[in-house]
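> Letter by letter, the chains look like this.
Number of protein chains: 2
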Amino acid sequence: MHDVIERYIASWNQTDPQLRRKLIDEVWAPDASYIDPLAEAHGRDAIDATVAAVQAQFPGFVFTLLDSVDTHHRQARFTWGLRPAGAPADAEPVAVGFDVAVADSDGRLTSVLGFLDKVPG
Amino acid sequence: MHDVIERYIASWNQTDPQLRRKLIDEVWAPDASYIDPLAEAHGRDAIDATVAAVQAQFPGFVFTLLDSVDTHHRQARFTWGLRPAGAPADAEPVAVGFDVAVADSDGRLTSVLGFLDKVPG
Chain A
1 MHDVIERYIA SWNQTDPQLR RKLIDEVWAP DASYIDPLAE AHGRDAIDAT VAAVQAQFPG
61 FVFTLLDSVD THHRQARFTW GLRPAGAPAD AEPVAVGFDV AVADSDGRLT SVLGFLDKVP
121 G
Chain B
1 MHDVIERYIA SWNQTDPQLR RKLIDEVWAP DASYIDPLAE AHGRDAIDAT VAAVQAQFPG
61 FVFTLLDSVD THHRQARFTW GLRPAGAPAD AEPVAVGFDV AVADSDGRLT SVLGFLDKVP
121 G
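Chains as they are written, first to last, in our numbering: chain A, 1 to 121; chain B, 1 to 121.
Be aware that a few hints might be false.
It does not matter which identical chain is used: a pair holds within one copy or between any two.
[To be verified] Here are the computed lysine to any residue pairs in the SDA-like style, where the Cα-Cα straight-line distance is at most 20 Å: (1) K118 with D67; (2) K118 with F98; (3) K118 with H72; (4) K118 with H73.
Simulated from the structure, these hints should not be mistaken for lab results.
Same shape as in the complex, but just chain A (with noise of 0.2 Å):
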């Protein structure tokens, strides 16, 4: 599981268009969901353009996990912040979520579950 939320994580900040595509693709099983409060999105497609928008309204930041990934089954949690590319790894994020993945035998993302914990102000 740590390995697929890694990339996970890297396909929120892969700003390519083919290159996140292709990160999509790999990270999510084709019938996968993503629902968090400002956003639900089944399928990859429709996953590739709800990442698309968040970076569009972030240009320049990046997404890091703020902690370990606890993970058993075939499920994890995490928490993750969002600071601009290049702030220090202390700085305090502008946002932090909270997501619960699942993962399918293949080891790719079925459903992912998240939550807010500090919005841009």
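Use these hints to put chain B onto chain A, whose structure you have.
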């Protein structure tokens, strides 16, 4: 979602087998799954057996929500604690866990993804 989460917690505290099963049938969709670090249960029979096993392991203990339920769309996250029945509300729980629950359009749970933050030492 808040109501089904309250009844979900109540089902963990209902030790009368028939009343517990009635609650479980109301709270869970037929093909639901419950997965935490120590248990994986698919369907109401297996979920009921899992709850019964935990009750047998911790007789006289009760589950309570430790803070508010954060919910959007049909998903919720919440933290629970396990304490001896009658313990003060501010007593340190012997176990603390965190669940993300997903409901269907009828408001019944289809999936609970559980994690543990503190296990009995």
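> All hints are to be evaluated individually against the structure, with a verdict given for each.
Verification of the hints:
1. K118 with D67: both (16 Å within a copy, 17 Å between copies)
2. K118 with F98: Close inside one copy (10 Å) and across copies (19 Å); limit 20 Å.
3. K118 with H72: between (26 Å within a copy, 15 Å between copies)
4. K118 with H73: Intra 28 Å, inter 18 Å, cutoff 20 Å: inter-copy only.
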